[in-house]
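Trainee: So the chains spell out like this:
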Amino acid sequence: MDEASSQNQLGGSANPAGVANRQNLEEPSQRIQYSIPGILHFIQHEWARFEMERSQWELERAELQAKIAFLNGERKGQENLKNDLVRRIKMLEYALKQERAKYHKLKYGTDLVQGDMNPPVEEGGEEGRVDPDAILSTNTNVSWKQSRHLLRQYLQEIGYTDTIIDLRSNRVRSLLGIDGGGNEENHNSTPAMNGSDTTKRQPDANRWNVTKKTPSCLEAQIQDAERAVIDNFEFLRSEGMEMDDDDDEEEPEEEEDVHRLKSPKVPKVALDVDDVDGESVDLDPDFRFLPDVEDTSPGVLGFGPGSRRVYGPGGEEDALEGLGELAQLTVTNEADATYDQISSTKENFRKTWTAKYTLRSHFDGVRALCFHPQEPTLITASEDATLKLWNLQKTVPAKKSASLDVEPVYTFRGHLGSVLCLAMSGDGDKCYSGGIDGTIRIWNIPSSNIDPYDSYDPCVVGGSLSGHTDAVWGLTYHGQRQHLLSCAADSTVRLWSTDARSPLLYTYAVEKDGIPTSVDFVYESSNQFVCSFNTANCVIFDLETGKPVTRLDTETEQGSSSISRQINRVVSHPTLPLTITGHEDRHIRFWDNNSGRLVQSMVAHLDSVTSLAVDPNGLYLLSGSHDCSIRLWQLDSKQCVQEITAHRKKFDESIFDVAFHPSKPFIASAGADALAKVFV
Amino acid sequence: MKMADQNVVLRRNRPGTKAENFYRWCDEAYEEMDSTLVVQQYIQQTIRLDHNNIDTILNAPETQDEGVWKYEHLRQFCMELNGLAVRLQGECQPSTCTQMTATEQWIFLCAAHKTPKECPAIDYTRHTLDGAACLLNSNKYFPSRVSIKESSVAKLGSVCRRVYRIFSHAYFHHRQIFDEFESETTLCRRFTVFVTKYNLMSRDNLIVPILEDESAGQGESEA
Numbered sequence: 001m002d003e004a005s006s007q008n009q010l011g012g013s014a015n016p017a018g019v020a021n022r023q024n025l026e027e028p029s030q031r032i033q034y035s036i037p038g039i040l041h042f043i044q045h046e047w048a049r050f051e052m053e054r055s056q057w058e059l060e061r062a063e064l065q066a067k068i069a070f071l072n073g074e075r076k077g078q079e080n081l082k083n084d085l086v087r088r089i090k091m092l093e094y095a096l097k098q099e100r101a102k103y104h105k106l107k108y109g110t111d112l113v114q115g116d117m118n119p120p121v122e123e124g125g126e127e128g129r130v131d132p133d134a135i136l137s138t139n140t141n142v143s144w145k146q147s148r149h150l151l152r153q154y155l156q157e158i159g160y161t162d163t164i165i166d167l168r169s170n171r172v173r174s175l176l177g178i179d180g181g182g183n184e185e186n187h188n189s190t191p192a193m194n195g196s197d198t199t200k201r202q203p204d205a206n207r208w209n210v211t212k213k214t215p216s217c218l219e220a221q222i223q224d225a226e227r228a229v230i231d232n233f234e235f236l237r238s239e240g241m242e243m244d245d246d247d248d249e250e251e252p253e254e255e256e257d258v259h260r261l262k263s264p265k266v267p268k269v270a271l272d273v274d275d276v277d278g279e280s281v282d283l284d285p286d287f288r289f290l291p292d293v294e295d296t297s298p299g300v301l302g303f304g305p306g307s308r309r310v311y312g313p314g315g316e317e318d319a320l321e322g323l324g325e326l327a328q329l330t331v332t333n334e335a336d337a338t339y340d341q342i343s344s345t346k347e348n349f350r351k352t353w354t355a356k357y358t359l360r361s362h363f364d365g366v367r368a369l370c371f372h373p374q375e376p377t378l379i380t381a382s383e384d385a386t387l388k389l390w391n392l393q394k395t396v397p398a399k400k401s402a403s404l405d406v407e408p409v410y411t412f413r414g415h416l417g418s419v420l421c422l423a424m425s426g427d428g429d430k431c432y433s434g435g436i437d438g439t440i441r442i443w444n445i446p447s448s449n450i451d452p453y454d455s456y457d458p459c460v461v462g463g464s465l466s467g468h469t470d471a472v473w474g475l476t477y478h479g480q481r482q483h484l485l486s487c488a489a490d491s492t493v494r495l496w497s498t499d500a501r502s503p504l505l506y507t508y509a510v511e512k513d514g515i516p517t518s519v520d521f522v523y524e525s526s527n528q529f530v531c532s533f534n535t536a537n538c539v540i541f542d543l544e545t546g547k548p549v550t551r552l553d554t555e556t557e558q559g560s561s562s563i564s565r566q567i568n569r570v571v572s573h574p575t576l577p578l579t580i581t582g583h584e585d586r587h588i589r590f591w592d593n594n595s596g597r598l599v600q601s602m603v604a605h606l607d608s609v610t611s612l613a614v615d616p617n618g619l620y621l622l623s624g625s626h627d628c629s630i631r632l633w634q635l636d637s638k639q640c641v642q643e644i645t646a647h648r649k650k651f652d653e654s655i656f657d658v659a660f661h662p663s664k665p666f667i668a669s670a671g672a673d674a675l676a677k678v679f680v
Numbered sequence: 001m002k003m004a005d006q007n008v009v010l011r012r013n014r015p016g017t018k019a020e021n022f023y024r025w026c027d028e029a030y031e032e033m034d035s036t037l038v039v040q041q042y043i044q045q046t047i048r049l050d051h052n053n054i055d056t057i058l059n060a061p062e063t064q065d066e067g068v069w070k071y072e073h074l075r076q077f078c079m080e081l082n083g084l085a086v087r088l089q090g091e092c093q094p095s096t097c098t099q100m101t102a103t104e105q106w107i108f109l110c111a112a113h114k115t116p117k118e119c120p121a122i123d124y125t126r127h128t129l130d131g132a133a134c135l136l137n138s139n140k141y142f143p144s145r146v147s148i149k150e151s152s153v154a155k156l157g158s159v160c161r162r163v164y165r166i167f168s169h170a171y172f173h174h175r176q177i178f179d180e181f182e183s184e185t186t187l188c189r190r191f192t193v194f195v196t197k198y199n200l201m202s203r204d205n206l207i208v209p210i211l212e213d214e215s216a217g218q219g220e221s222e223a
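First to last, the sequence lines map onto chains C and U.
UniProt numbering puts the first residue of the first sequence at 1, with every later residue one more than the last.
UniProt numbering puts the first residue of the second sequence at 1, with every later residue one more than the last.
Fair warning: there could be bad hints in the mix.
[What the hints assert, rightly or not] Listed next, the in silico EDC-like pairs over lysine to aspartate or glutamate satisfying Cα-Cα at most 20 Å (straight line):
(1) C:LYS430 x C:ASP499
(2) U:LYS117 x C:ASP454
(3) C:LYS356 x C:GLU643
(4) C:LYS512 x C:ASP490
(5) C:LYS356 x C:GLU375
(6) U:LYS140 x C:GLU407
(7) U:LYS140 x U:GLU150
(8) C:LYS351 x C:ASP636
(9) U:LYS140 x C:ASP405
(10) U:LYS18 x C:ASP490
(11) C:LYS638 x C:ASP615
(12) U:LYS117 x C:ASP451
(13) U:LYS149 x U:GLU66
(14) U:LYS155 x C:GLU407
(15) U:LYS149 x U:ASP65
(16) U:LYS18 x C:ASP513
(17) C:LYS638 x C:GLU60
(18) U:LYS114 x C:ASP451
(19) C:LYS430 x C:ASP457
(20) U:LYS18 x C:ASP470
(21) U:LYS114 x C:ASP592
(22) C:LYS664 x C:GLU375
(23) U:LYS117 x C:ASP457
(24) U:LYS117 x U:GLU104
(25) C:LYS394 x C:GLU375
(26) U:LYS18 x C:GLU375
(27) C:LYS512 x C:ASP470
(28) U:LYS114 x C:ASP499
(29) U:LYS18 x C:GLU511
(30) C:LYS394 x C:GLU407
[Said to hold, decoys possible] If the Cβ cut is set under 10 Å, some of the chain C residues that face chain U in the computed set are:
(31) SER361
(32) GLU383
(33) ASP384
(34) LYS388
(35) ASP405
(36) PRO408
(37) LEU416
(38) SER455
(39) TYR456
(40) CYS487
Simulated from the structure, these hints should not be mistaken for lab results.
Positions of the beta carbon are idealized from the N, C-alpha and C atoms, including for glycine.
Please construct the entire structure, taking both the sequences and the accompanying hints into account.
Mentor: Below, the structure written as structure tokens:
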């Protein structure tokens with residue numbers, strides 16, 4: 001009927017009466033006005049809708065699939081983490097058992113009666129279950145121990161001291177609930193095994209316990225994997241918890257023993273945990289509900305949030321931290337394969353120097369620098385023929401970086417040509433500079449608070465010491481004697497007095513040893529100075545007579561090239577009879593003053609060593625090199641404790657001088673890029 | 001010093017180098033230089049070759065950024081001008097040269113103070129050089145040596161203007177020192193050519209008649 005009516009309507013759509021009648025009679029059919037275009041349109045419309053919905057479904061499907069994959073991945077990751085943790089737990093359990101046995105033996109003179117004192121290795125047999133998993137786990141336990149031992153050896157080789165290793169293992173232990181629970185016997189392979197032991201005791205304590213019964217594990221193993229895992233996380237609880245472990249032991253007699261064993265350990269463990277991060281404490285609230293519940297469902301609940309917390313601090317943090325320290329090691333040592341020993345810069349008791357001040361004002365490389373004895377001021381000498389006085393308390397407000405810029409307080413003009421070396425008098429009133437023009441100029445240092453743009457005061461120029469006929473390369477001042485020693489490219493070393501009328505006291509002709517490159521007074525003895533040459537000789541002379549006293553035995557150590565034999569710098573230790581030289585062949589060598597023998601030689605840098613400085617206490621050595629780095633060494637162990645990269649290269653030169661402040665914790669470096677940097 | 005037995009040339013002035021042996025290494029082509037201080041190295045190298053050859057010194061290599069070129073040259077000028085200041089230090093006393101003048105027309109005020117001050121000539125010289133050192137090295141205006149901020153290029157002009165006055169004072173009041181210095185370094189001539197080439201100063205300010213007739217050297221101030 002509808003069809004018929006639609007046919008009729010096709011022809012004459014305007015048939016109101018008929019339509020109206022039909023409308024009254026058949027409401028539904030009236031609404032459906034069929035026309036071919038209408039039908040087509042309807043079908044098309046529906047089809048489009050279906051298509052849209054289908055594409056939406058496909059989208060959703062793809063999304064959900066991605067989500068599933070992601071969650072799968074996450075789950076796998078969590079699984080792996082959990083496995084690692086459990087393995088660790090087993091190891092610790094075993095260790096604890098051994099400790100307990102030892103302790104018990106010591107305390108009571110008898111062996112502790114524990115179910116199995118054997119390491120996990122033998123558990124497979126004991127259980128009577130030849131379990132491929134068991135074998136696997138025992139193998140992994142043993143191999144894990146071996147590899148751990150190997151790792152420890154490697155770490156020790158690179159200087160990772162035992163304190164760090166122990167610190168970390170203590171942290172691990174404490175994070176995992178300490179001293180194992182001694183639960184290693186029956187956990188052959190699966191965590192389920194492990195946890196099952198505790199599951200067994202869960203009615204009582206839900207804590208780690210020393211396990212005795214083997215067969216019970218078998219059945220428990222099969223029970224609740226999840227509950228077992230949850231129990232595992234109890235171990236990750238912090239200190240006080242496991243102290244009560246053995247209160248509710250199943251085996252009373254052993255329980256007592258173990259309990260007695262445990263309690264004395266309480267203070268020890270508490271100690272271990274003290275230095276652990278606070279996160280382990282935060283685990284408590286999460287797990288508090290776990291012990292109270294027997295069945296699985298709340299346990300499952302706990303698994304969720306608990307696992308998250310646990311994995312965070314427990315697993316990853318340690319791994320990351322371990323990585324972090326190792327990464328730190330590699331970063332600083334990446335190119336230094338030839339180091340004798342490098343130790344991590346993260347050791348707690350060692351200070352790390354950071355760049356604080358940048359001294360910008362010179363136009364050309366800064367060749368030398370020198371701190372004031374007391375004040376936080378320093379003087380720099382540059383190839384732009386000026387010296388500048390800087391006050392570190394007057395910094396320029398710089399928004400950019402962490403390091404502060406300093407502007408000079410005073411500029412000393414007088415040299416014609418590069419200034420090559422610098423020395424400060426003992427009281428900080430005068431300074432002496434030697435330059436390429438062969439003169440040594442004396443400067444009266446103005447107060448460090450003067451206005452940089454003050455009137456010119458000719459009193460600052462204190463005169464000059466002439467005598468050298470070529471570039472003056474080395475200057476050093478002896479505070480007590482008030483003498484100045486200089487060496488120059490004219491192959492002479494001259495001794496000057498600062499207050500006499502004729503300042504030149506002595507000229508030492510040393511040309512048969514080569515051209516002197518650096519001089520220093522020998523502080524440990526009273527009347528000597530040491531001089532290094534560009535021919536790799538290094539000789540200690542007597543001040544009065546000028547005769548060589550000791551010749552440092554440099555012949556055997558040098559390379560073949562004539563240039564590389566040059567010694568760039570020599571410093572004398574303030575208290576020990578030790579001389580330290582920095583060489584063009586990248587080495588730093590230590591010599592005994594009395595015998596002239598080489599004490600130690602080490603490759604210190606990647607390029608020639610240009611400068612050395614010993615700290616006023618004689619404990620540290622600072623060395624600068626053309627490889628753009630300065631390195632801080634501990635003198636007793638000859639280990640590098642810090643490396644700082646500073647300064648850029650101009651031509652092939654990078655760092656010219658380094659210095660310690662005599663009384664304040666500053667070190668400074670002078671570079672060819674016209675900057676001087678101060679580190680605190 | 002060259003290391004003959006190895007193929008690597010190390011351009012270093014090691015301790016113990018005699019003054020005459022300084023910088024005695026073979027020149028490096030500009031393209032081969034590989035450091036952040038390339039421009040300074042190149043400029044110093046060309047000056048060492050021949051300080052009279054002003055055009056070579058001032059001609060920038062093609063790929064060189066002009067702002068950096070000007071900046072590094074200005075640094076070099078300030079550095080070398082120090083030599084003139086040192087020579088003046090002995091002779092130019094506050095008692096004799098109480099103001100910074102060149103000819104009678106020009107009196108220069110020192111801009112290194114909060115309010116420009118009439119410093120004696122030697123103070124002016126020192127302050128200007130120190131101020132130029134601070135400005136050219138300041139992290140605020142010239143944070144990098146390989147690229148110059150557009151806003152800082154204008155500062156170069158003012159530094160040039162002030163620095164030029166040192167030349168003019170020396171020329172008109174300490175002629176002998178000026179001539180000695182100029183024969184050693186050709187600095188004033190180079191500076192004049194530099195500022196004209198890069199339009200860092202207006203020509204009215206260039207009052208030292210260095211370009212026309214250096215041999216006669218008659219002081220004739222230009223308007």
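Trainee: Confirm or reject each hint.
Mentor: Hints and how they fare:
{"no.": "1", "hint": "C:LYS430 x C:ASP499", "in the structure": "holds (12 Å)"}
{"no.": "2", "hint": "U:LYS117 x C:ASP454", "in the structure": "holds (11 Å)"}
{"no.": "3", "hint": "C:LYS356 x C:GLU643", "in the structure": "holds (15 Å)"}
{"no.": "4", "hint": "C:LYS512 x C:ASP490", "in the structure": "holds (12 Å)"}
{"no.": "5", "hint": "C:LYS356 x C:GLU375", "in the structure": "holds (17 Å)"}
{"no.": "6", "hint": "U:LYS140 x C:GLU407", "in the structure": "holds (13 Å)"}
{"no.": "7", "hint": "U:LYS140 x U:GLU150", "in the structure": "holds (13 Å)"}
{"no.": "8", "hint": "C:LYS351 x C:ASP636", "in the structure": "holds (16 Å)"}
{"no.": "9", "hint": "U:LYS140 x C:ASP405", "in the structure": "holds (10 Å)"}
{"no.": "10", "hint": "U:LYS18 x C:ASP490", "in the structure": "holds (7 Å)"}
{"no.": "11", "hint": "C:LYS638 x C:ASP615", "in the structure": "holds (14 Å)"}
{"no.": "12", "hint": "U:LYS117 x C:ASP451", "in the structure": "holds (14 Å)"}
{"no.": "13", "hint": "U:LYS149 x U:GLU66", "in the structure": "holds (12 Å)"}
{"no.": "14", "hint": "U:LYS155 x C:GLU407", "in the structure": "holds (18 Å)"}
{"no.": "15", "hint": "U:LYS149 x U:ASP65", "in the structure": "holds (12 Å)"}
{"no.": "16", "hint": "U:LYS18 x C:ASP513", "in the structure": "holds (16 Å)"}
{"no.": "17", "hint": "C:LYS638 x C:GLU60", "in the structure": "violated (65 Å)"}
{"no.": "18", "hint": "U:LYS114 x C:ASP451", "in the structure": "holds (12 Å)"}
{"no.": "19", "hint": "C:LYS430 x C:ASP457", "in the structure": "holds (15 Å)"}
{"no.": "20", "hint": "U:LYS18 x C:ASP470", "in the structure": "holds (6 Å)"}
{"no.": "21", "hint": "U:LYS114 x C:ASP592", "in the structure": "violated (58 Å)"}
{"no.": "22", "hint": "C:LYS664 x C:GLU375", "in the structure": "holds (8 Å)"}
{"no.": "23", "hint": "U:LYS117 x C:ASP457", "in the structure": "holds (17 Å)"}
{"no.": "24", "hint": "U:LYS117 x U:GLU104", "in the structure": "holds (18 Å)"}
{"no.": "25", "hint": "C:LYS394 x C:GLU375", "in the structure": "holds (12 Å)"}
{"no.": "26", "hint": "U:LYS18 x C:GLU375", "in the structure": "violated (35 Å)"}
{"no.": "27", "hint": "C:LYS512 x C:ASP470", "in the structure": "holds (17 Å)"}
{"no.": "28", "hint": "U:LYS114 x C:ASP499", "in the structure": "violated (40 Å)"}
{"no.": "29", "hint": "U:LYS18 x C:GLU511", "in the structure": "holds (13 Å)"}
{"no.": "30", "hint": "C:LYS394 x C:GLU407", "in the structure": "holds (7 Å)"}
{"no.": "31", "hint": "SER361", "in the structure": "holds (5 Å)"}
{"no.": "32", "hint": "GLU383", "in the structure": "holds (9 Å)"}
{"no.": "33", "hint": "ASP384", "in the structure": "holds (4 Å)"}
{"no.": "34", "hint": "LYS388", "in the structure": "holds (9 Å)"}
{"no.": "35", "hint": "ASP405", "in the structure": "holds (5 Å)"}
{"no.": "36", "hint": "PRO408", "in the structure": "holds (7 Å)"}
{"no.": "37", "hint": "LEU416", "in the structure": "holds (6 Å)"}
{"no.": "38", "hint": "SER455", "in the structure": "holds (5 Å)"}
{"no.": "39", "hint": "TYR456", "in the structure": "holds (5 Å)"}
{"no.": "40", "hint": "CYS487", "in the structure": "holds (9 Å)"}
When held up to the earlier numbered hints, the structure conflicts with 17, 21, 26 and 28 and fits the remainder.
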